[in-house]
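Novice: Residue-level listing of the chains:
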Amino acid sequence: MTINNTLKANLALSSRFENIEVAERALLDLCRRAGWPSEDDYWLTTALREAVANAIRHGNQQDPKRLVRLEYSVHDSTVRISVEDEGSGFDPADVPNPTDAENLLRPSGRGIFYMRQFMSHVEFRSTPSGGTAVLMERKLEATDGNPD
Amino acid sequence: MKSNIRDLGDIRIIELGGKITIGTGDVKIRELVNQALEDGKKEILFDLGDVKAIDSSGIGEMVACYTTVTKRGGHLKLMHLSPKINDILQVTQLITVFDVFDDEREALGSF
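Going line by line, the protein sequences match chains A and B.
Taken in order, the first sequence gives residues 13 to 160; the numbers are from the numbering used here.
Taken in order, the second sequence gives residues -8 to 102; the numbers are from the numbering used here.
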């Protein structure tokens, strides 16, 4: 396997759920060009889809005039993803643990949990305009294609 | 998302394929379950054998369907999980909620 030095991509997408597919295809294209193994695609794209879906639904309130800005980079054995919305921000600490017994049958609230399970590192920051930026990393060696 | 329906006695088997994801697949499975209940079918078996991906909205909708069917006195069970979907049910601990089967005959006999 050969991983090239650094490849980057930037996208700005309107807040429509169908654009999640665009975000996914762009990430996979970058990963292929960088030599990232396809065995890792499932967990990488699962985390990406959750972050973009949250930006569209919760951040931008599905307003197609608001943009979701994406930055991807692949460097050596690490994929970094930034997903930024134009919403009014939130505190991830307010999201209850979906695996607690009292939350198991809740129909929502698993997106951030997915991201944290499937990526090596996830953090949330406020943007200068008050929105939310999600920064995620997945290291090839750390995860070896498994979510654990 | 693709779907196909088979009825075996009182049991409705809903075969799902493709992606069960936000905006499309999640709504579709809700419609399929509502249709089953309208048709008087309260024993429902999801065949996930051809499902390629399921996001948190898809999982959430499956949980909502489980709750709806259970409240109507029925059962919603799963079969033919891929290893990745099985992993997702494990990490979300929903494997403790759903009855899961590899074999259709065993699944049908469990209702």
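Check each hint, because a few of them may be wrong.
[To be verified] With the C-beta cut set under 7 Å, the calculated list includes, among others, these residues of chain A facing chain B: (1) Phe29; (2) Ala38; (3) Leu42; (4) Glu62; (5) Arg92; (6) Pro108; (7) Thr111; (8) Pro119; (9) Arg122; (10) Val134; (11) Ser138.
[As the list claims (entries may be wrong)] Negatives, chain A to chain B, calculated, CB over 10 Å: (12) Glu30; (13) Gly47; (14) Arg69; (15) Asp88; (16) Ala105; (17) Gly123.
Since the hints were derived computationally from the structure, they do not count as laboratory data.
Keep in mind it's a predicted model, so treat the numbers as computed, not measured.
Cβ coordinates follow ideal geometry from the N, Cα and C atoms, glycine included.
Novice: Now, for every hint given, state plainly whether the structure supports it.
Specialist: Structure-based check of each hint:
1. For A:Phe29, the shortest C-beta to C-beta distance to chain B is roughly 3 Å, which falls under 7 Å, so the interface hint holds.
2. Because the smallest distance between the Cβ of A:Ala38 and any Cβ of chain B comes to about 17 Å, over 7 Å, the interface hint for this residue is violated.
3. Given hint, A:Leu42 at the interface with chain B, is violated; its Cβ is 19 Å from that chain's nearest Cβ, farther than 7 Å.
4. With 7 Å as the threshold, the beta carbon of A:Glu62 comes within range of chain B, its nearest partner Cβ sitting at about 6 Å, so the hint holds.
5. Checking A:Arg92 against chain B: minimum C-beta separation of about 21 Å lies over 7 Å; hint violated.
6. Checking A:Pro108 against chain B: minimum C-beta separation of about 13 Å lies over 7 Å; hint violated.
7. The beta carbon of A:Thr111 is positioned within 7 Å of a beta carbon in chain B (closest approach about 5 Å), and the interface hint is therefore held.
8. Hint status for A:Pro119: holds, given a least beta-carbon distance of 4 Å to chain B, under 7 Å.
9. Residue-level restraint check for A:Arg122 holds (minimum Cβ-Cβ distance to chain B is 4 Å; threshold 7 Å).
10. Proximity of A:Val134 to chain B is violated relative to the hint, the smallest CB-CB distance being about 14 Å (cut-off 7 Å).
11. This hint is violated: A:Ser138 has a C-beta 23 Å from the nearest C-beta of chain B, more than the 7 Å allowed.
12. Listed as a non-interface residue, A:Glu30 fails to keep its Cβ farther than 10 Å from every Cβ of chain B; the least gap is roughly 7 Å.
13. Every CB of chain B is more than 10 Å from the CB of A:Gly47 (nearest about 23 Å), matching its label as outside the interface.
14. Its closest Cβ contact with chain B, about 7 Å, brings A:Arg69 to no more than 10 Å, contrary to its assignment away from the interface.
15. Every Cβ of chain B is farther than 10 Å from the Cβ of A:Asp88; the closest lies at roughly 26 Å, confirming the non-interface assignment.
16. Distance check on A:Ala105: its Cβ is at least 18 Å (rounded) from any Cβ of chain B, clearing the 10 Å threshold; non-interface status holds.
17. The claim that A:Gly123 is not at the interface with chain B is violated, since a C-beta of that chain comes within 10 Å of its own (minimum 5 Å).
Of the numbered hints given earlier, the model fails hints 2, 3, 5, 6, 10, 11, 12, 14 and 17; all others are met.
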